[in-house]
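My request is simple: use the sequences and hints to build the entire structure.
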Amino acid sequence: MKPWTVTELTRYIQQLLEFDPPLQDVWLTGEISNLSRSTAGHLYFTLKDAGASLSCVMWRSAAERLSWRPDGGSAALAHGQIAVYAPRGAYQLSVDQLLPAGLGDLHARFEQLRDKLKAEGLFDAQRKVPLPPFPRVLGIVTSPQAAALRDVLNVLRRRYPLVRVLLAPTLVQGDLAPPQLVAALQTLASRDDVDVILLVRGGGSLEELWAFNDERVARAIAACRHPVVCGVGHETDVTIADFVADVRAPTPSAAAELATPDQSEIRQTIRTCVGRLEGSVGRRLDLVRQSVERQQRALQRLSPQARVNVHRQQGDDLVQRAVRALTHRLALSRAGLAGLKARLAALSPLATLERGYAIVRREDTGAVVRSVEQVGAGDALTIQVRDGEFVAVASSPSAGLDTTGV
Amino acid sequence: MTDEKDSSFEEAFHDLEATVRRLEEGNLTLEEAITLYERGTRLARRCNAALDDAELQVQQLTLSNSQTSEA
Chain A
1 MKPWTVTELT RYIQQLLEFD PPLQDVWLTG EISNLSRSTA GHLYFTLKDA
51 GASLSCVMWR SAAERLSWRP DGGSAALAHG QIAVYAPRGA YQLSVDQLLP
101 AGLGDLHARF EQLRDKLKAE GLFDAQRKVP LPPFPRVLGI VTSPQAAALR
151 DVLNVLRRRY PLVRVLLAPT LVQGDLAPPQ LVAALQTLAS RDDVDVILLV
201 RGGGSLEELW AFNDERVARA IAACRHPVVC GVGHETDVTI ADFVADVRAP
251 TPSAAAELAT PDQSEIRQTI RTCVGRLEGS VGRRLDLVRQ SVERQQRALQ
301 RLSPQARVNV HRQQGDDLVQ RAVRALTHRL ALSRAGLAGL KARLAALSPL
351 ATLERGYAIV RREDTGAVVR SVEQVGAGDA LTIQVRDGEF VAVASSPSAG
401 LDTTGV
Chain B
1 MTDEKDSSFE EAFHDLEATV RRLEEGNLTL EEAITLYERG TRLARRCNAA
51 LDDAELQVQQ LTLSNSQTSE A
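Protein sequences appear in the order of chains A and B.
Using this note's numbering, the first residue of the first sequence is number 1, and each one after it goes up by one.
Using this note's numbering, the first residue of the second sequence is number 1, and each one after it goes up by one.
Quick caveat, the hints were computed from the structure, so don't treat them as lab data.
A virtual CB, placed ideally from N, CA and C, is assigned to each residue, including glycine.
Warning: the hint list may mix true and false statements.
As the list claims (entries may be wrong) - Some chain A residues close to chain B (C-beta under 8 Å, calculated; not the full set): (1) 134; (2) 165; (3) 277; (4) 358.
As the list claims (entries may be wrong) - Just so you have them, the derived chain A footprint on chain B, three or more residues with Cβ under 8 Å: (5) 13-24; (6) 45-52.
Below, the structure written as structure tokens:
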């Protein structure tokens with residue numbers, strides 16, 4: 001068998017290690033020793049325990065993001081990938097996350113619980129209950145002294161003061177918090193009048209927010225029949241409660257905003273509705289008015305008044321009375337109008353003149369003569385016939401048959 | 001449509017929107033149109049008044065391990 005070269009053997013070992021999946025996603029606990037930082041900013045150290053030690057390197061880009069100062073002797077939790085450094089024939093851990101052991105423990109527990117509850121389906125989208133658009137009663141689970149509550153109440157006052165708030169006071173950090181949070185959630189869940197629940201807490205460290213990563217609290221949220229809006233910490237803080245809740249809000253104030261409608265938007269909608277009501281009715285009334293005006297104009301065209309004026313018969317009482325009576329009737333049907341047209345034509349003095357009647361006036365006053373008593377012998381009279389007029393002098397007036405009613 | 005007097009804010013608001021839609025649909029006598037208009041403006045006044053008069057009410061519950069009572 002042909003012997004390996006050193007390079008070939010090293011490459012073989014390198015591929016064995018670097019293509020092995022568990023070795024490329026390693027979580028490791030150990031004690032830090034031999035810590036040094038190169039001038040380029042890379043962090044070199046060893047992680048060891050009683051039985052073994054492992055060289056580690058944390059490249060500058062990851063090392064810069066550390067929020068704590070690791071030092072020799074401290075217990076740590078590291079995450080990274082195994083790599084082989086061929087020139088020295090050594091394997092090492094290339095570290096991308098380094099956490100102090102206590103905190104690392106919390107992170108690991110967070111991820112474990114998250115994965116467990118997710119597998120149970122507690123985070124599923126279908127489980128989420130929709131928020132009511134106009135909640136009448138809003139429950140809040142939080143500390144009564146905290147700024148988070150003040151912020152939430154301010155938002156509610158501004159946006160939707162119609163809502164009635166039920167405050168279920170609890171501790172929001174420490175070991176005693178989870179049972180209280182559970183009791184508060186259960187109390188609100190058992191009430192029929194509650195429409196939505198806010199679970200809120202201001203910002204804090206991972207330990208301070210830890211109660212919202214508690215399994216009991218997560219299950220209480222999941223079991224709650226009313227929708228729960230979770231607004232814990234700042235934008236970047238994510239807790240298990242956020243995953244289980246029906247809606248996740250980045251902050252307590254945002255939770256209050258998501259749970260309620262905005263009264264200024266409601267008022268705008270009301271204004272729009274009123275505008276539409278007025279527009280609709282206004283258009284309808286315009287149509288009625290136009291119809292009435294059309295009929296009035298039709299009436300005007302038929303009116304003998306125009307013809308009367310042309311022939312200077314303004315004083316004709318009969319025609320004026322007919323016109324006045326007709327213009328008072330606004331609701332005319334077409335049939336009615338046609339009938340009236342016919343009657344108007346018959347009433348028109350011109351039709352009368354056609355038939356041979358004449359209109360007699362006193363020449364001095366212009367008054368229409370209807371009675372023999374208006375005339376004395378010798379009075380000058382203007383006689384209007386169909387196609388003109390002439391003057392006549394009365395003689396021998398005498399009373400005869402009274403034909404009123406014609 | 002719901003009885004105006006006892007309805008909640010949400011019911012009154014939805015009633016207002018439904019009234020506007022009915023009115024805009026058409027096929028109404030003039031009398032029906034005016035009635036809907038009056039109903040709509042009444043509802044709008046009610047909704048605005050409810051918002052104007054509202055003051056946020058906050059009630060703190062007393063929680064104990066075994067039972068709850070209201071403060």
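Evaluation of the provided hints:
The interface hint given for residue 134/A is met, as the beta carbon of that residue sits about 4 Å from the closest beta carbon of chain B, less than 8 Å. The closest approach between the C-beta of residue 165/A and any C-beta of chain B is roughly 4 Å, which is under the 8 Å cut-off, so the hint is satisfied. Against a cut-off of 8 Å between C-beta atoms, the interface hint on residue 277/A holds, since the closest Cβ of chain B lies about 4 Å away. Interface restraint check for residue 358/A: the shortest CB-CB distance to chain B comes to about 49 Å, outside 8 Å, so the restraint is violated.
Only residues whose C-beta sits within less than 8 Å of a C-beta in chain A count toward coverage, and the segment 13-24 of chain B has 7 of them, enough to reach three; the restraint holds. Coverage of a stretch by a chain is defined here by at least three residues with a beta carbon nearer than 8 Å to that chain's beta carbons; for the segment 45-52 of chain B and chain A the count is 4, and the condition holds.
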